[in-house]
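With the hints as constraints, model all of the structure from the sequences given.
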Amino acid sequence: MTAAPDLAAIKQTLVRRIDQIDTTAILKLLPMVGRIGENAVQTELLDALRPRLRVMRPPRTLTAQRLFYLPFEHLLVNHDQIRLGAVPQVPRALLRRVWPVIADHVLKTHRRLDLGNALSERDLTVVELEPRLAEYWERGERLVRAAAAHVCHDDRASQRQTATVVGCLRLGGQTLKVRNHFMMRTFDRDRDRLADRFFELFSQLNARNPDDAEQFACLVSPLLGGPVAMLRLLSARANVATLDEDAMGTRRVAGSVLAELNEAVDALAGRADLLELVDVDSLADCLEIEMLAVPMARRSGDQALIRTAGTFIARFVGFLESDLLPMLEARIRGEVDRLTAGAGELAAGDIAGIEGLFAYFQVLAPEAERLGLGDQVSICLRRLAEAVAAVIAHRLDHAAGATATVTGRIEAAGGLFRLYELAAGSSAAFRLVTAPR
Amino acid sequence: MSAGQGTTSHILKQVPTTFEERGVSLPFTTPELRLTRGRPNERRTLELVLPKFAGTNAIYVVPWSALPEVTSLTLFDRLFHAAVAERRATTPGAIRQIHLRMAATGVGGGVPQEAARRALDDDHRRSVATSLDLVIACFVDLGLATEPELRDRVNQVPAMLKDHKVAQRLDERYGLTATDWYGQVIEIGRVLSFAGRPGDPSPPRLRALITALGRFQAALKEWSGGLVGDVVAMVDFIVEVVGLTADRADAELRALDALTDDRPGLVADWGQRRPAVTGHLGRLSWLLDGWAPLVELWETAIAGDHDRRLGAVDEILRALPILPTAELRTGTAQTGRADHLHWQQRRYVRLYEDWRTGRPDAALIRKIEQSEADT
Chain A
1 MTAAPDLAAI
11 KQTLVRRIDQ
21 IDTTAILKLL
31 PMVGRIGENA
41 VQTELLDALR
51 PRLRVMRPPR
61 TLTAQRLFYL
71 PFEHLLVNHD
81 QIRLGAVPQV
91 PRALLRRVWP
101 VIADHVLKTH
111 RRLDLGNALS
121 ERDLTVVELE
131 PRLAEYWERG
141 ERLVRAAAAH
151 VCHDDRASQR
161 QTATVVGCLR
171 LGGQTLKVRN
181 HFMMRTFDRD
191 RDRLADRFFE
201 LFSQLNARNP
211 DDAEQFACLV
221 SPLLGGPVAM
231 LRLLSARANV
241 ATLDEDAMGT
251 RRVAGSVLAE
261 LNEAVDALAG
271 RADLLELVDV
281 DSLADCLEIE
291 MLAVPMARRS
301 GDQALIRTAG
311 TFIARFVGFL
321 ESDLLPMLEA
331 RIRGEVDRLT
341 AGAGELAAGD
351 IAGIEGLFAY
361 FQVLAPEAER
371 LGLGDQVSIC
381 LRRLAEAVAA
391 VIAHRLDHAA
401 GATATVTGRI
411 EAAGGLFRLY
421 ELAAGSSAAF
431 RLVTAPR
Chain B
1 MSAGQGTTSH
11 ILKQVPTTFE
21 ERGVSLPFTT
31 PELRLTRGRP
41 NERRTLELVL
51 PKFAGTNAIY
61 VVPWSALPEV
71 TSLTLFDRLF
81 HAAVAERRAT
91 TPGAIRQIHL
101 RMAATGVGGG
111 VPQEAARRAL
121 DDDHRRSVAT
131 SLDLVIACFV
141 DLGLATEPEL
151 RDRVNQVPAM
161 LKDHKVAQRL
171 DERYGLTATD
181 WYGQVIEIGR
191 VLSFAGRPGD
201 PSPPRLRALI
211 TALGRFQAAL
221 KEWSGGLVGD
231 VVAMVDFIVE
241 VVGLTADRAD
251 AELRALDALT
261 DDRPGLVADW
271 GQRRPAVTGH
281 LGRLSWLLDG
291 WAPLVELWET
301 AIAGDHDRRL
311 GAVDEILRAL
321 PILPTAELRT
331 GTAQTGRADH
341 LHWQQRRYVR
351 LYEDWRTGRP
361 DAALIRKIEQ
371 SEADT
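So the sequence lines, in the order shown, correspond to chains A and B. Going by this note's numbering, the first sequence runs without a break in its numbering and finishes at 437. Going by this note's numbering, the second sequence runs without a break in its numbering and finishes at 375.
Mixed in with the good hints there might be a few duds.
Below, computed lysine-lysine pairings styled on DSSO-like, alpha-carbon distance capped at 27 Å [said to hold, decoys possible]:
#1 B:221 to A:11
#2 A:11 to A:108
#3 A:28 to B:221
#4 A:28 to A:11
No lab work stands behind these hints: they were computed from the structure. As the structure is a prediction and not an experimental result, all values here were calculated from the model.
Structure follows, in C-alpha cells:
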C-alpha cells in the first residue's frame, strides 16, 4: 500500500522552491495535480505552479472547467493584477465564486455532448471540437448570467467582468481562432497573420451584427497587444479598408475603445490617490492613444469618430492640466521640502520615491508641446529644479566633508544632483556638479 | 569614429584574441550605451566598442574622449566616463569599484544607490570574514587554540597578536613580524573574498554568477523547447556559449580552490602562490565579465510575454561575451568545441535579417517605409 501524498507539504515546497524545481519534475507533477479533481486543493497547487507554467506552457489536460474557460483564458488575472482602463479582465476570484453554481449544469452538458470521449480520441484538437463546444459555451453563457445574479456583487466592475465572460462565451469560436494564431506566432510576420485573421473574423461578425464585432475587438485586444496596439492596427486598417462596411466597422470599434477610455479618464479625474491609480505606463499608453486617434479620426472623415476622439483628447489634456500636473508638483515639492528639513544622510529610499514621481514628467515632457501643455510642464519643472538646487546649496553648506572638489560634492549630495538632473536635464546637472563654488 | 572600416571590420569578421581585446563591460545607464565595452587601443588609450549603435548592425569604435559628442549622456554616465578616464581603468575589478563607489553616492538614482551600498558592505564584510578565517586557520595550525575556542572569542583575536608568545610562533612559522603577518593576511583575505569557498551557503558574486549561468542556460533550454523556427538556432547558440563559459569559469574556480584550500600553507607560501591565485581570479572575473546584465535581462524578460523574450534573445546575442581565442587555446580539450562555436557565430542570422545574405529583411524595410509614408 502506498501512502497518500501530503498535499500541504507539496504545496509548501512548490511555493518555496518553484524556481529550482526541475522541468521534468513539473511535467510529472502536472498530471498528478490534474487527477486531484477540480477543487480548492487543485486550485492552490496550480497557483503555486503558475510562475513556471507561464514560461513552459506545457500541454494541459482538457477538463470540463478548462474547456469552459478556454474562450477567456487570456483575460484571466489574479486579484493584484487588475488594472483600470479599457482592457477587459476576468479575475480568477470571480470564476471561483461562479463556477460551483454552474458546475453541475455544465457537466451535464459536457456529458451530453460527449466531450470527454471526444477529447480522448487521438489527434483531435480543440478547433475540431468547435462545433460541439459552441453549444457548450452557448449554454454556459446563459448559466453565467444566472449564476452571476446570485453570487456577484452589484458593483460596476463585477457587472463589466461578467459581461466580458458572457461575451467571450458567445463569441467563443471566433476568440479561439484568434487565440490559436496568437499561440503559434514567433516572428513579426506571424503577428501580421494574426492581425489578418482578426480582421477576417471581425468583418464576418460586422456584417452579421456590428455589436458583436465591437465586443469581439475588445475581447481579443489583449492578444493583439492591448488597446494601444489595437488602435494602431485599426488606424492602419482604416487607411486600407476597401469595403465601406468594413471601414465603418473599424471606425466604430475605434470609437468604442476611445469611449471606454473617456470613461476611464472621467473616473480618475479628481481622485486623491491619483498617482497610485495612474501608473506611468498607463500615462504613456494614453499619450500614444491620443497620438493615434487624432490622425485616424481626421483621415476617416467620420464625424462621430472625430467627436469621440476630440472628447477624449479634451478630457485627457484637461485631466493632465487640472489634476495630474498640480498634484505631481505638490507631491514633489512636499518631498523636497522634507529633504531640506533633514540634516542627516540622504536616504536612498526617499530619493527613489521622488524619482518615481519624476518618471511622469519624463513621459509627459516630450509630448507637452504637442498637447498644448509645453508652458505648464516647463514652468513646473523649472520651479522644481529651483527647489532642488536650493536644497543642494543648503546641503553643501552644511556638509561635514570638503565640498570644493567634484568628488566631495557628489559624496555630499549625489542623490540630490540626480533629482536636479531629472528636473533640469543632465547638462545642467553636470554644470552644477562641476562648477566651482 | 569608424564604422564598417578599419577596426570595425576587424571586429565583425574575427572573434577577439584576448580578454583585453574583447574589452571590459561598462555599466552605462544611457540606453544607447547599454552593454557597451571599453578597451585600451594600440596606443594604450581607451576606446569604446558600441555594438549595434544607432540601430545598425555595425559595431562602432569611438575614442573614449569623444563619447559625450556621440550621444547625450546621463549625469551618472558623464561622471563615470570622467572617472574611468582619470583612473585609466580597463579591468572588470577596477570598473566595478568605480561604478559602485559612484552609484553609492546616489548620483545614479535611489535604487542603484541602495544596491551599490549593499554590494560595498558585502565586499567589506566578506573581506573581514575571510581574513578572520585565515587567522583562525593559522592559529589552529600553530596549536594556539582550537577552532571552536577561537570562534567563541573572535573579538579577542586581534589582541592575541600582541601576545609575545604568539608573535614568536608567527615569526618561527612564517618568518614575519606579527604586524607584517597580519597585513599579509588582510591582503589575502581581500583577494580571496571575491571567490569565497566551496559550499559557502551565501556565495560571493563570482561563485554565485557561475550558478546563475547554469540557471540561465536551463531556463533558455526550457523556453526554447516549445519553439519552432530560426529562433531555436539562436537560443542554442547562446546556450552553447553560456555552457562553455560556465565550464571554463568552474575549472578556474576549482583550480583556485585547490591552490587555496590549505589556508596556513597559503599564508606561508603567499609570495610564491600570489601570481597564480591572482591569475586565476583575474581570468575568472574576465570570463564572467558582462554576463550579469545578460542574466538579469533574461530574468526580466522571462516574466514578460513572448515578444519580450524574443527581443531579449536578440539583445543578448549582440552583446554575448564570446570567449577570446587565445584564452580557449589554453584549454586544449575544449578547443574543438570553441572553434565550432566561433564558426557558428559567423554563420547565424539575426532576427529580421535575410537568411541567405545576413542583410536586413527587405520586406520589413518596405513595411517600415510604408508605415512612414502613411503617417
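(request) Would you pick out the hints that fail for this structure and give their numbers low to high? (result) Violated: hint 2 alone.
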